[in-house]
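Q: Protein chains in written order, with my numbering: chain A, 1 to 173; chain B, 1001 to 1501.
Some hints here could point you the wrong way.
Calculated pairs, DSBU-like style, for lysine-lysine (alpha carbon to alpha carbon, straight line, at most 35 Å) [stated by the list, open to error]:
id	chain 1	residue 1	chain 2	residue 2
1	B	Lys1222	B	Lys1295
2	A	Lys44	B	Lys1445
3	B	Lys1295	B	Lys1138
4	A	Lys44	B	Lys1138
5	B	Lys1222	B	Lys1138
6	B	Lys1222	B	Lys1019
Note that these hints are calculated values from the structure, not bench results.
All values derive from a computational prediction rather than experimental measurement.
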Amino acid sequence: MADVSDGGPPAATGWMASRDFVAGLALLLVGGGALLGSMELPVKTSSGVGSGLLPISLSLIMMALGLAQIGLSWRSASPTLSGWPWRGTSALIGAIVVFAITIRGVNLGPLQLPALGLVIAGPLTVFVAGLATTDARLGQLGLLSAGLSAFCLLLFRYGLGQPIPVAPWLIGY
Amino acid sequence: MGDVIGNLGLGFSVALTLKNVALCFLGCLIGTLVGVLPGVGPVATIAILLPITMSLDPIGALIMLAGIYYGAQYGGSTTAILVNIPGEATAVVTALDGHQMARNGEAGLALGLAAIGSFIAGTIATLLIAALAAPMTKLGLLFGPSEYFALMIMGLVFAVVLARGSVLKAVAMIVFGVLLSCVGTDLETGRERLTFGVHHLYDGIEFVVIAMGLFGFAEILKNIADPEKRDVVRARIGRLLPTAAEIRGNLAPILRGTALGSVLGILPGNGAILAPFASYAIEKRVSRQPETFGKGAQAGVAGPESANNAGAQTSFIPLLTLGLPPNAVMALMVGAMLIQGIVPGPQVIDRNPQLFWGLIASMWIGNVMLLIINLPLIGIWVRLLAVPYRLLFPAIVLFCCIGVYSLSNDATAVLMTGLFGLIGYALYRLDFEPAPLALGFVLGKLLEEKLRQALIISNGDPTTFVGSPISASLLGLAVFALALSLLPRVRRGRDTAFKES
Chain A
1 MADVSDGGPP AATGWMASRD FVAGLALLLV GGGALLGSME LPVKTSSGVG
51 SGLLPISLSL IMMALGLAQI GLSWRSASPT LSGWPWRGTS ALIGAIVVFA
101 ITIRGVNLGP LQLPALGLVI AGPLTVFVAG LATTDARLGQ LGLLSAGLSA
151 FCLLLFRYGL GQPIPVAPWL IGY
Chain B
1001 MGDVIGNLGL GFSVALTLKN VALCFLGCLI GTLVGVLPGV GPVATIAILL
1051 PITMSLDPIG ALIMLAGIYY GAQYGGSTTA ILVNIPGEAT AVVTALDGHQ
1101 MARNGEAGLA LGLAAIGSFI AGTIATLLIA ALAAPMTKLG LLFGPSEYFA
1151 LMIMGLVFAV VLARGSVLKA VAMIVFGVLL SCVGTDLETG RERLTFGVHH
1201 LYDGIEFVVI AMGLFGFAEI LKNIADPEKR DVVRARIGRL LPTAAEIRGN
1251 LAPILRGTAL GSVLGILPGN GAILAPFASY AIEKRVSRQP ETFGKGAQAG
1301 VAGPESANNA GAQTSFIPLL TLGLPPNAVM ALMVGAMLIQ GIVPGPQVID
1351 RNPQLFWGLI ASMWIGNVML LIINLPLIGI WVRLLAVPYR LLFPAIVLFC
1401 CIGVYSLSND ATAVLMTGLF GLIGYALYRL DFEPAPLALG FVLGKLLEEK
1451 LRQALIISNG DPTTFVGSPI SASLLGLAVF ALALSLLPRV RRGRDTAFKE
1501 S
């Protein structure tokens, strides 16, 4: 079922919290956003279809579908959405962000990080991701992160020859 | 007929080189290995493993991917039978009687029948593909831009009609997918579209980023938030090979399933998904003991599994001959072909005959591999099923991160994949299916290109799409199918078609 999560009270109640109402609202928002991002494009050019025709018409269709979905949701009895699984989503996204910023480092104004390579990024990613479940065991996760990183290092860098940074701060690549 | 044999000969001469056989073997093996993991369906398996084929030559990469696909399919059936977790919609039917057989101590027999049925189905489907490839390609070459446009619209409409759940939501996902394909610089006019000034979006969004986000990361979030109940069979596996009498008894279901799957798989739009359901319904109807269905009927495993495999294979036909992927797996194959610099379409058969026929020949080799890998290795797969999910998903996360990073050595792509993971999970919570989105995204560029070409040829006259008899009838068929699916009576029938009888 779509409505099981690890807790948190529903943000709103009744129709406004029903799955299909939120679904319609989401379509409306995505359509509206896409319209904002494409409405300045020309629909027609001298030689034919302009770059705006497809995105603008699809945005409008999307918004119409959103409105229709909201209308339908009034009568359909779709289940109420329950809370968002914060632990799972934040651990997973955290792991992905950790990988992205450590593998080659970042240089974004106040945020400075040297390239740490797969030797560091790998275990960190596995460890943070592993925290997503409530039944995580730290010792097991530590072993897993080391083993998996070694395996991936051998497979991708040496087996498949991908130019993925290994440990630039130690061995220069 | 002579042509077919000659072409298959060329194909086998390519596919039977030591390297390509090894790649096919490796693909089947890794595909089964990943596909057997609970919660990892064929689409996720291919998305996760796509990057490891990038360093190969195009023929090798596609052969390996096809192997991964068959392996993942078969792995999915194994999980369905042993754990009662269907990795994807088409394995739902297998789980019904297959899992019951397993509980009766006949797990081995269920797996054996599935493998033999799949092999027979695969062999017939391969011959069918070889026979239909050339005429279908000729048909494709007759198609002008407006016919192509109409065909794509029809395929997308069929995908909507055949998807489960709300028609409106499926249409919205296709529209969303096409919108996402618009992101980036418009090649025709050089204008930036939907980039919101973010320069990482100027080149558009990579398909692998979307696929791994929607089918890899989102799937993990789904499984963590909502753990599936595992019902691993404790009973013994039992003998694998059916007796001669059992094979004779199941030959008719296998052949019926193959016929159904082959026909439904060729349809543009995901027809293959219906095949196992239809086969199960037919077997139950013609059976002399319909009461055994749901309690471990052999025909209830052999028929749908054959239908499934035949459909999986013939769904390559629209991709290879027309360049139109009928489902999410084939959309991934398009992504793989584009990475290798091959634009799928009717021109491939002439420009890359070795790749084309090599791939077809490797399909049959893949089916042989499945038979010889899977049956002896069942014991290993069973032990893999016991690995807890908390150890599996961190491995998948790291694999996806490294895979996406190596696509273009770009850490931003990894972040973007994470974002699509969140989007995919939100869509799941709101009861949207990701498969139509993937299809819309892959077809989006081609759709716009054909629209433009058609309107240039007709001097901007939009009636060109109903002017040609071919495109008019394709569009008519699409409208008809859509209207039909909205009728209350058909809607009810459509809903029950996806439910176990």
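Q: Run every hint past the structure and note whether it holds.
A: Going down the list of hints, with the structure as the test:
{"no.": "1", "hint": "B/Lys1222 - B/Lys1295", "in the structure": "holds (30 Å)"}
{"no.": "2", "hint": "A/Lys44 - B/Lys1445", "in the structure": "holds (18 Å)"}
{"no.": "3", "hint": "B/Lys1295 - B/Lys1138", "in the structure": "violated (47 Å)"}
{"no.": "4", "hint": "A/Lys44 - B/Lys1138", "in the structure": "holds (34 Å)"}
{"no.": "5", "hint": "B/Lys1222 - B/Lys1138", "in the structure": "violated (44 Å)"}
{"no.": "6", "hint": "B/Lys1222 - B/Lys1019", "in the structure": "violated (38 Å)"}
Hint compliance for this structure: hints 3, 5, 6 are not met, and every other hint is.
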